[in-house]
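Given chain A's structure and the hints, the job is docking chain B onto it.
Which chain is which? The protein sequence lines are A and B, in order.
Once you know that position 263 of the first sequence is 263 in our numbering, the rest is easy, because the numbers rise by one and skip nothing.
Once you know that position 261 of the second sequence is 261 in our numbering, the rest is easy, because the numbers rise by one and skip nothing.
Simulated from the structure, these hints should not be mistaken for lab results.
Hints may be right or wrong, so weigh each one.
What the hints assert, rightly or not - Simulated pairs of lysine to any residue, SDA-like, Cα-Cα distance not exceeding 25 Å:
no.	chain 1	residue 1	chain 2	residue 2
1	B	201	A	12
2	B	201	A	116
3	B	134	A	15
4	B	34	A	116
5	A	74	B	126
6	B	201	A	15
7	B	131	A	14
8	B	133	A	15
9	B	201	A	133
10	B	220	A	111
11	B	133	A	16
12	B	220	A	26
13	A	74	B	128
14	A	74	B	133
15	A	74	B	223
16	B	220	A	256
17	A	105	B	214
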Amino acid sequence: MSYIELRNVYKVYGNDVLAINNFNLNIEKNEFVALIGPSGCGKSTLLRMIAGLEEISYGDLLIDGKKMNDVHAKDRDIAMVFQNYALYPHLSIYDNIAFGLKLRKVDKKTIHEKVTQVAKILGLEEYLEKKPNELSGGQRQRVALGRAIVQGSNIFLMDEPLSNLDAKLRTKMRVEILRLHKQLGVTTIYVTHDQVEAMTMADRIVVLNKGVIQQVGTPTELYSNPANLFVAKFIGDPEINLINATIQNGELIFGEYKIPLPDTIKSGKNYEGKEIYLGLRAEHFSDDRLTVENNPAQTITSEIELIEMRGDHCIIFTNINQQSIQLKVPADRGYTIGDNISFVANYDKMFLFDKETGARIR
Amino acid sequence: MMEYKNYGSLTMDQEREIIEKIKKEKYKRIPLHKKVRSTIKHVILILVAISMLLPFFWMVSTALKTNNNVFSIPPQWIPRPAQWSNFLRVFDSIPFLRIIFNTVGYAAAVTFFEVVMSVIVAYGFARFRFKWKKPLFLFLLITIMIPGEITIVPTYIFWAKLGEFFDTSFINTYIPLILPAIGGQAVHIFFMTQYFRTIPKDFTEAAYMNGANSWTILWKVFFPMSIPAVLTITISSFMGTWNAFLGPLIYLNDVEKFTIQVGLAMFQGMFNVNWPLLMAATTISVIPMIILFFSFQKYFIPSNKSSGVK
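Next comes chain B alone, as it looks inside the complex:
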């Protein structure tokens, strides 16, 4: 290594020179077996990535095939000619546009209620002292552990009877699908409670001394300070609703009211499946998910930027 007799500060160039040298030295000193290990790691990671991407590729590829060459051997990776018309035929064979609108509305409503209510309930659990707080929180956690499939029959009966009670019918409406969201979502409540608990008390007290009440503190302090967490539950809620199948399948009867996942199932008959159309429709249905995921990806990585507190 070079010696620098300069006891003052170094120039930028001198600094860069030292850093470059150290980097080179460091790389030279990495033993062979470590380099080999690193290569193997990368090969494995690439293989895993391919195995994840392959189904996507197969989906898009099938969407562009004719019904005849879906299962041709050897498999046709890039179909020729590409049947772009499959995407239009999706809209002809079922009211797909209407179905998309239904799903957007349904997902937006559920997401809105689930997020807002979960935030409010979580704030209560995180910041207030009240009787039975611990048992209530435990009860909340227990509800997460019950699989939804178990409750689906009693829930259906409940909504049917409730409809009778009010002299109307809730079956074939969105009410049983949207109304429960007003109670919030147990996993989100748990998640937000944990997040809120990490916000130092000083923030609350500073706002309190300025005359803010609990409601103001929630929306002006806690909520904006928890944007990454809120976005996480928002995306999770939206995806969950967008991909929901069983609920809409059971409660909705008219094609005009269907959601995307139920709509997709229409391409699967008892004996034959129209693979190209199913895959074309599926491709359309995952586009919003992909856009959503990539645009908010940075928020999934928890940020440590809440540096108002040191």
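Chain A on its own, in the form it takes in the complex:
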């Protein structure tokens, strides 16, 4: 039995909007699970259903083996961090953190102890008397975390908690949240639309699209073994390169290039003569001179359209057969826009997707 279980969960809004479609997931104790997907995919709805802010239309939510569908939010042993922090502007940081405890009629001494302790963990001791508007974005975010921690709940729900922060602070808070998670060992469900956040923080990632689970897995699984086109496109930066290709006589043909079809696909569905997507990630190409010289037949040469500098490496925008692709090459290559680049693709790593269904063929 898992700590949190979602069994055949559905959410219907009004008469005709199916926001969540047959959602099944087991979450273990102390696990950090990220829910990701594009906006409107239902990830926030799901989180709110777990929190008790939305009714579950059909299906069961179990926490520690007990059915929670009709249990009031305050009795679910859950603390939530909101995207907008929802700090009360009229209350001091101390009172903001203590708000929930006061509502639960905890005695003053205990409140003081707990708030002081939480402030210490988060490094907020010197700000306790201040008002939220005197704090920076990162500090406010920490207060919001403090408000969740102080309740001593066993489950944290976080709804895009970092999306209001600037890039640098986001990276910093990411580490801080992870550190807290390790320290407190609280089961965490984290909603985000940012795949980088999910990849760097989560033990497991749930990819959602239009209310349906696309894939559940560790960050590595999702990256190197995506279940379908949607996951492949959603995970990874830069986005995976997709090249239109056709299968003919056991060969994969795109434009003037032909490669032998991998064995794994031949046994599968018959795609003879059909158009499919050939998926290759930016790092699955090599412009290394030796590699290129050793594979003259496989070498592709095209013009560089754009170069995006990333520090130790750069992303080259070029094309294969009039389809734009992005390659990741070391930064010291000295290319300029308009140059020709010769490269070889590592076809062992390629993914093939059904163009209509998005299903992974290989």
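Only chain B this time, still in chain A's reference frame:
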């Protein structure tokens, strides 16, 4: 402009120097016609300000005159000698102290009910879903559009009959003046509803998850977060009641029960008006308004400080 070859951060003095320079440059570049236009603007504003302040000045000045030199020509701007005794005579000629107390009590009661009830009703409109919500809100808005003068006769008859029904009389009491405030005030309800609607849902939900019910959320979250709006309607209610004339005039008969505005009217006879006393009494009656206005002025300017949310 000077060049700074310093690529690190500048010292405070260097920064100030740059700012000063830019300011000077900026002023130099303002074309003449813009400077002229700005001067004309200021002259107009000063004239408008004078036209607003002049009646006040005239009021105080008249309050210090004798009955004979009120309309003397040329007008006496600063009366000599100043008749300070006019202010005392106000209290002798009518029970003005009693009238002030009446008005304070009346205004406080009405303000309290109007504010509390408007906040509660507005919370309902802003945060709950219920049947007929839109038509009800529309109906509320319609009541704002009916001038009070139209309803005054039927309302009077209503209170008179209601008194008969209960074997008593509500005329010459404060009941018809205060009791309706328990329904709130339509304009305030509208105003607070709009204000409450701007408070993000996250605040409600955060409190809800901590176990707060709607009533607690209203008084512990919404109310304190809306202090500027609440103060605005409080002042508006208080001023409205303090300056109310028609209602108290119609329902109250005894001088001992009068409010300030009715009391002021006592200085205006059918054929003659005691201008100095009327102006002295008026001066006294506007003092609380002026104090109120200046002490809460900063709240009229809506603050964007609700930064719990970014």
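Hint-by-hint comparison with the structure:
1. 201(B) <-> 12(A): holds (21 Å)
2. 201(B) <-> 116(A): With Cα atoms ~28 Å apart, residue 201(B) and residue 116(A) exceed 25 Å; violated.
3. 134(B) <-> 15(A): This hinted pair holds, its Cα atoms lying about 21 Å apart.
4. 34(B) <-> 116(A): violated (58 Å)
5. 74(A) <-> 126(B): The given pair, whose Cα atoms are some 23 Å apart, holds under the 25 Å limit.
6. 201(B) <-> 15(A): Status holds; Cα separation ~23 Å.
7. 131(B) <-> 14(A): Given that 25 Å is the threshold and the Cα spacing comes to 16 Å, the pair holds.
8. 133(B) <-> 15(A): At roughly 21 Å apart (the allowed maximum being 25 Å), residue 15(A) and residue 133(B) satisfy the hint.
9. 201(B) <-> 133(A): Roughly 19 Å separates the two Cα atoms, so the pair holds.
10. 220(B) <-> 111(A): Satisfied, since the Cα-Cα distance of roughly 18 Å is no more than 25 Å.
11. 133(B) <-> 16(A): The given pair, whose Cα atoms are some 23 Å apart, holds under the 25 Å limit.
12. 220(B) <-> 26(A): violated (37 Å)
13. 74(A) <-> 128(B): Given pair residue 74(A), residue 128(B) holds - Cα atoms ~20 Å apart, limit 25 Å.
14. 74(A) <-> 133(B): It is violated: about 29 Å lies between the C-alpha atoms, which goes past 25 Å.
15. 74(A) <-> 223(B): Distance ~22 Å between residue 74(A) and residue 223(B) Cα, so the pair holds.
16. 220(B) <-> 256(A): violated (70 Å)
17. 105(A) <-> 214(B): Satisfied, since the Cα-Cα distance of roughly 17 Å is no more than 25 Å.
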